[in-house]
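Line by line, the protein sequences give chains Z, X, G and V.
Numbering that gives the first Met the number 0 puts the first residue of the first sequence at 0, with every later residue one more than the last.
Numbering that gives the first Met the number 0 puts the first residue of the second sequence at 0, with every later residue one more than the last.
Numbering that gives the first Met the number 0 puts the first residue of the third sequence at 0, with every later residue one more than the last.
Numbering that gives the first Met the number 0 puts the first residue of the fourth sequence at 0, with every later residue one more than the last.
Keep in mind the hints are simulated off the structure, nothing from the lab.
It is possible that part of the hints are untrue.
Pairs count within a copy or across copies, as identical chains cannot be separated in the list.
Stated by the list, open to error - Here are the computed lysine-lysine pairs in the DSSO-like style, where the Cα-Cα straight-line distance is at most 30 Å: (1) K150 with K187; (2) K218 with K68; (3) K2 with K84; (4) K97 with K259; (5) K297 with K68; (6) K68 with K85; (7) K32 with K56; (8) K302 with K25; (9) K302 with K63; (10) K4 with K97; (11) K187 with K218; (12) K32 with K223; (13) K4 with K32; (14) K150 with K223; (15) K297 with K115; (16) K68 with K259; (17) K115 with K187; (18) K223 with K187; (19) K4 with K223; (20) K302 with K97; (21) K103 with K2; (22) K297 with K279; (23) K97 with K308; (24) K302 with K68; (25) K2 with K94.
4 protein chains.
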Amino acid sequence: MRKIKFSAGLAAFGNGADRYVNSGYKEDITVEKMIELAGSVEDLEGIELVENWHVNKNNLSAIKECLEKYRFKVSMVIPDLWATKKWAMGSLSAKDAKTRQEAKETIINAMKMARKVDCDLIDVWFGQDGWDYSLEVDYLQSWEFLVEGLKEVADYDPGIRIGIEHKIKEPRCFAHVDSIGKLMLLIKEVERPNIGVVCDFGHCLAAYENLGQVLALMKHYGVKLFHTHFNDNYRLWDDDLISCSVHTIEYIEALYWLQKIDYQDWYSLDIFPFRIDGTKAATESIKWIKALAGVVDKIGVGKIDEVIKDGDACDTQRLIREAIFGF
Amino acid sequence: MRKIKFSAGLAAFGNGADRYVNSGYKEDITVEKMIELAGSVEDLEGIELVENWHVNKNNLSAIKECLEKYRFKVSMVIPDLWATKKWAMGSLSAKDAKTRQEAKETIINAMKMARKVDCDLIDVWFGQDGWDYSLEVDYLQSWEFLVEGLKEVADYDPGIRIGIEHKIKEPRCFAHVDSIGKLMLLIKEVERPNIGVVCDFGHCLAAYENLGQVLALMKHYGVKLFHTHFNDNYRLWDDDLISCSVHTIEYIEALYWLQKIDYQDWYSLDIFPFRIDGTKAATESIKWIKALAGVVDKIGVGKIDEVIKDGDACDTQRLIREAIFGF
Amino acid sequence: MRKIKFSAGLAAFGNGADRYVNSGYKEDITVEKMIELAGSVEDLEGIELVENWHVNKNNLSAIKECLEKYRFKVSMVIPDLWATKKWAMGSLSAKDAKTRQEAKETIINAMKMARKVDCDLIDVWFGQDGWDYSLEVDYLQSWEFLVEGLKEVADYDPGIRIGIEHKIKEPRCFAHVDSIGKLMLLIKEVERPNIGVVCDFGHCLAAYENLGQVLALMKHYGVKLFHTHFNDNYRLWDDDLISCSVHTIEYIEALYWLQKIDYQDWYSLDIFPFRIDGTKAATESIKWIKALAGVVDKIGVGKIDEVIKDGDACDTQRLIREAIFGF
Amino acid sequence: MRKIKFSAGLAAFGNGADRYVNSGYKEDITVEKMIELAGSVEDLEGIELVENWHVNKNNLSAIKECLEKYRFKVSMVIPDLWATKKWAMGSLSAKDAKTRQEAKETIINAMKMARKVDCDLIDVWFGQDGWDYSLEVDYLQSWEFLVEGLKEVADYDPGIRIGIEHKIKEPRCFAHVDSIGKLMLLIKEVERPNIGVVCDFGHCLAAYENLGQVLALMKHYGVKLFHTHFNDNYRLWDDDLISCSVHTIEYIEALYWLQKIDYQDWYSLDIFPFRIDGTKAATESIKWIKALAGVVDKIGVGKIDEVIKDGDACDTQRLIREAIFGF
């Protein structure tokens with residue numbers, strides 16, 4: 000059985016709001032309390048922190064102490080490029096030069112913070128870099144700004160890895176970096192060794208992307224997979240549900256491909272348990288991932304390879320079924 | 000040309016938040032300021048108010064005065080059944096009896112408020128009444144609660160019309176009242192003369208419903224159309240964009256059917272201009288609706304009827320094109 | 000454990016074509032050969048036959064003999080209302096009176112044939128009754144034709160049950176009877192004891208309908224469930240894949256609700272194994288359904304009821320996981 | 000006003016079948032008759048031919064004579080890689096070496112045929128190269144086969160341009176080359192000057208791609224646009240409807256970007272008028288494209304550039320509205 004290092008975004012343990020209930024479905028709690036809640040989740044070893052929001056110069060030592068108390072490592076630091084109104088019209092791709100500059104500084108601050116919390120990875124998700132209407136943005140110029148900005152921040156500290164996350168939409172109706180294909184083009188153009196991918200499986204499902212093919216093509220193109228985000232959804236929106244609560248077989252395929260490409264980094268939860276207990280949702284997510292990874296590992300990558308080589312979809316269905324149910 | 004009475008939800012003029020930017024993409028402003036902004040929109044004659052949030056016993060006279068200043072009528076009062084955390088697990092369909100009772104009181108308060116602002120219509124949208132996970136709710140019991148609750152509130156004041164709005168999802172992954180078919184079943188079961196439909200065209204598009212058929216079936220089943228909501232989206236989510244900014248032909252069909260069924264009530268805007276100027280977005284929405292209604296009215300319902308009777312889709316495409324472009 | 004009666008549409012064993020490969024991905028074979036292939040599928044006891052295409056006055060005795068040879072019962076007879084070009088512009092809802100008359104005769108012929116093959120159920124799917132373009136059809140008139148036609152055929156032989164199947168689209172871009180809500184409205188309006196539902200779970204998934212809620216609402220409205228169709232898809236199209244090859248948890252929920260509403264009729268496969276072996280695909284479908292029904296039956300409806308009553312989605316995820324994986 | 004060269008796939012004028020009506024909704028007619036029908040469409044100057052199916056060594060001179068009679072140029076030759084059962088498990092990406100070889104020969108035959116009909120462009124659409132089930136294919140190997148095969152055929156005759164067409168799905172549930180991002184990666188890897196894109200706008204819409212961004216990114220990455228396919232759909236399937244019959248504003252944006260990138264090649268129709276008259280459907284498609292291109296050209300690319308530079312979506316909505324309706 001593979002050894003999995005589980006991590007979670009801290010938001011899983013806090014309050015979650017949406018466009019209707021702006022103050023959130025739960026009560027606001029401190030970051031320390033979120034970490035404490037995370038501490039009660041079995042098998043959880045890493046925490047993702049949003050720079051400034053979760054950790055900043057004022058609370059740094061307190062947060063570090065708190066993480067140590069629960070034996071957490073920081074799995075990833077996330078610059079806030081999407082949670083403040085100043086990014087309304089984009090971050091690195093914004094038309095406004097001052098906003099682009101601020102976006103670069105925000106990313107660099109997260110890189111600095113990563114070093115301070117003994118982490119070498121940050122996550123760049125261009126959530127606000129997109130458009131809502133036809134003829135709203137100059138796609139060419141926006142893309143050039145993305146490339147230029149990424150080069151600059153990558154060069155700031157080549158010792159910090161920058162993982163980029165694609166998502167088909169939300170909060171904008173359309174996103175510049177909406178699909179794995181465009182993300183890989185971007186990464187190849189930026190051409191920096193410390194630039195790779197943070198792959199959110201729910202984002203792939205919502206883009207009608209096959210999780211296995213996404214991982215395979217990254218390998219093919221030598222694009223590095225730095226980090227994974229587990230959650231689930233009903234294929235039409237980034238619902239950020241408990242991992243594997245909707246898709247079973249597709250997660251089994253993803254877990255097979257993670258072995259195939261010898262992925263050794265974090266299996267991290269990016270869930271939004273608006274109305275349910277965050278620690279229970281995280282616990283279920285981890286237990287489901289372990290159960291499905293167990294199916295893959297029990298069968299063995301080699302055996303699955305063989306059946307795929309034969310190429311009869313009925314045989315893989317049988318193989319999975321028998322591994323799960325024993326008949 | 001038909002005479003259209005335009006209305007708008009007040010939110011179009013305020014600050015809009017989402018799950019990322021919880022404090023909103025603009026600055027918070029007072030309700031009076033929102034009304035003032037609405038006052039600058041040409042052709043706008045009605046305002047929808049959310050009870051408690053926009054209008055309540057404390058500000059009632061101030062709001063009435065403000066509305067009068069800009070010559071606005073209140074087109075609809077909306078009970079808050081979806082903007083407060085107490086509704087997290089549903090309102091009228093909640094398992095918790097106290098919550099259901101509170102939901103009824105909230106609806107009744109909106110009915111009372113409607114009388115106070117010289118309006119005879121309220122809007123019941125069951126945004127929080129749904130589920131996120133398989134095996135989460137008892138669909139049978141929830142539906143029974145909806146029916147029972149609606150009967151009770153309808154009987155409270157038969158002089159106030161209650162329009163129910165369906166939506167396929169959001170904020171829940173699934174909604175009990177997700178489609179026009181289920182909504183009509185519900186209304187027929189509740190069987191009260193003051194219960195009808197608030198039809199949000201964007202909700203129809205997001206449910207892959209044809210706007211024309213939705214209106215036609217309401218007529219067929221004698222289900223009353225009390226109010227309409229105009230906006231637009233990319234068919235997969237309730238994006239609440241400027242009306243007619245995405246779909247042209249389908250809005251032309253809707254505007255034809257509104258004439259066919261002799262709809263005389265408000266053409267109301269339900270848009271969320273998170274990042275753009277609300278008064279401009281409302282102005283564009285109204286001008287587009289007028290332009291497209293103008294196409295229908297210029298051709299004439301009778302002429303469209305004839306072409307549909309012939310049943311050649313090419314001919315309707317030609318008819319619309321020629322009416323718009325003159326060739 | 001429940002006793003399941005499995006059935007399959009004969010097409011699962013024949014040649015399948017699409018709009019690109021019109022002659023099909025396999026070789027054409029005789030109906031007798033299809034039945035022989037079906038005969039090799041373990042646990043398969045029933046066969047659905049398309050009247051005229053699979054069984055007609057010329058081959059009736061041969062087909063009956065062949066079915067007996069493999070101990071098959073006829074689970075359902077299907078009138079061809081969608082596989083011949085004469086239905087291009089609709090069957091029961093067609094504008095052309097002659098076509099509507101022909102549709103009624105086709106349904107009646109299937110009813111007669113049902114009696115001849117000792118079956119009391121036919122399947123009416125309005126695949127061609129819809130539209131492709133805005134302003135193409137008169138929705139009001141079409142719906143009236145559907146109601147009128149169904150009343151007439153239902154009265155022809157009250158001893159034969161007529162199950163109606165909804166589907167959101169394909170082969171038309173839009174269908175009159177696209178959702179469970181509209182189907183129930185139609186059935187209630189037709190108001191004949193021998194009219195009920197054939198529920199295709201893949202059609203529900205493709206309409207973003209929850210399988211459990213669909214079954215629950217049928218019970219609530221006293222609409223009879225006559226037959227079920229099992230298959231699977233990726234939620235955006237009626238892919239007609241091996242049952243449970245995509246959705247696991249949602250099928251578990253459906254299998255729980257089938258017990259809740261005490262469904263005793265056929266669990267029938269409606270799959271299109273274009274490129275894979277039909278008998279293997281049917282075998283996998285049956286084995287997966289049995290495995291997932293086994294999960295439900297092992298936990299027990301009562302226990303699931305309890306957990307739903309508590310209303311914590313994490314607990315149902317845990318319950319299912321533990322029942323499947325034992326931890 | 001731009002001068003547009005209109006072309007059409009010959010299938011628009013023939014019989015169209017689907018998985019239900021395998022023999023098609025119309026009568027089969029000869030290729031010569033299809034060309035004759037095409038000849039009646041105003042402004043149509045080019046014809047796409049499927050090699051072998053429409054034109055082959057037996058009918059070559061007859062077809063050339065027929066095309067000359069109606070003054071048609073051949074706009075593109077299409078190798079059949081998706082209309083014969085031998086491609087069931089893929090063409091260039093098939094596991095079977097013999098099938099891959101046959102696919103290369105089929106493409107080369109189309110290249111040869113292109114020369115014979117005075118055309119320098121062929122269309123490679125990998126319709127059958129995909130999968131239906133999780134764990135069915137080896138994505139890595141398939142992709143390598145695609146790359147290798149494309150290099151080989153590109154080198155066969157560098158004087159013939161090979162345009163590759165992406166599509167998200169159908170006839171397979173998933174396609175290897177499903178999105179513009181992956182297509183551009185593929186083209187950059189193959190790295191041959193005679194490899195570019197055939198952009199089907201309906202395929203883009205069905206993949207939730209923005210038509211303008213697709214064109215802009217091709218320019219950014221120096222990927223050549225060889226040919227365009229116009230049609231329309233309801234965003235969830237490749238419905239192949241009359242062009243601009245659903246989306247108006249998005250086509251206006253596409254027509255603006257075609258000017259921006261100085262596209263000079265064919266505006267070609269790829270429509271499937273199953274149930275309507277092909278010549279009328281083609282005529283409407285052309286007239287709509289001309290009308291919407293007229294809107295762009297009337298405003299002028301420079302003026303649109305300016306408004307986009309200002310970046311207020313309301314202003315572009317106004318600009319388009321005023322250009323169309325004059326107010």
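Tested hints:
Proximity of K150 and K187 under a CA criterion of 30 Å is satisfied in both settings, with 11 Å inside one chain copy and 21 Å between copies. Proximity of K218 to K68 under the C-alpha cut-off of 30 Å is found in neither arrangement, the shortest distances being 37 Å within a copy and 53 Å between copies. Taking the shortest Cα distances, K2 and K84 never come within 30 Å of each other, neither inside one copy (41 Å) nor across copies (39 Å). For a Cα distance limit of 30 Å, the shortest separation of K97 from K259 across copies, 28 Å, qualifies, whereas the shortest one inside one copy, 44 Å, does not.
With identical chains, the CA atoms of K297 and K68 are never at most 30 Å apart, being 35 Å at best within one copy and 42 Å at best between copies. For the homomeric pair K68 and K85, neither the shortest alpha-carbon distance inside one copy (35 Å) nor that between copies (34 Å) is at most 30 Å. Taking CA atoms no more than 30 Å apart as the test, K32 paired with K56 passes inside one copy only; the shortest distance there is 19 Å, against 38 Å between copies. Taking CA atoms no more than 30 Å apart as the test, K302 paired with K25 passes between copies only; the shortest distance there is 29 Å, against 46 Å inside one copy.
Neither within a single protomer nor between protomers do K302 and K63 lie at most 30 Å apart by alpha-carbon distance, with minima of 44 Å and 44 Å respectively. When the C-alpha separation of K4 and K97 is checked against a cutoff of 30 Å, the pair qualifies neither within a copy, at 39 Å, nor between copies, at 43 Å. Proximity of K187 to K218 under the C-alpha cut-off of 30 Å is found in both arrangements, the shortest distances being 13 Å within a copy and 16 Å between copies. With identical chains, the CA atoms of K32 and K223 are never at most 30 Å apart, being 34 Å at best within one copy and 51 Å at best between copies.
Proximity of K4 to K32 under the C-alpha cut-off of 30 Å is restricted to the intra-copy arrangement: shortest distance 22 Å within a copy versus 52 Å between copies. Within a single copy, K150 and K223 get their C-alpha atoms as close as 16 Å, and across copies as close as 26 Å, so both meet the 30 Å cut-off. Taking the closest pair of Cα atoms, K297 and K115 never come within 30 Å of each other, the shortest separation being 40 Å inside a single copy and 51 Å across copies. For a Cα distance limit of 30 Å, the shortest separation of K68 from K259 qualifies neither inside one copy, at 35 Å, nor across copies, at 48 Å.
Taking the shortest alpha-carbon separations for K115 and K187, only the intra-copy value of 29 Å comes in at or below 30 Å, while the best inter-copy value is 40 Å. When the C-alpha separation of K223 and K187 is checked against a cutoff of 30 Å, the pair qualifies both within a copy, at 11 Å, and between copies, at 19 Å. For the identical chains of this complex, K4 and K223 are intra-copy neighbours only, at 18 Å inside a copy versus 44 Å across copies, given an alpha-carbon limit of 30 Å. Taking the closest pair of Cα atoms, K302 and K97 come within 30 Å of each other only across two copies (26 Å); inside a single copy the shortest separation is 55 Å, beyond that limit.
Taking CA atoms no more than 30 Å apart as the test, K103 paired with K2 passes in neither setting, with 36 Å inside one copy and 44 Å between copies. Taking the shortest Cα distances, K297 and K279 sit within 30 Å of each other both inside one copy (26 Å) and across copies (24 Å). Taking identical chains as interchangeable, the C-alpha atoms of K97 and K308 lie at most 30 Å apart only when they sit on different chains, with a minimum of 16 Å there against 54 Å within one chain. With identical chains, the CA atoms of K302 and K68 are never at most 30 Å apart, being 42 Å at best within one copy and 39 Å at best between copies.
Taking the shortest alpha-carbon separations for K2 and K94, neither the intra-copy value of 45 Å nor the inter-copy value of 33 Å comes in at or below 30 Å.
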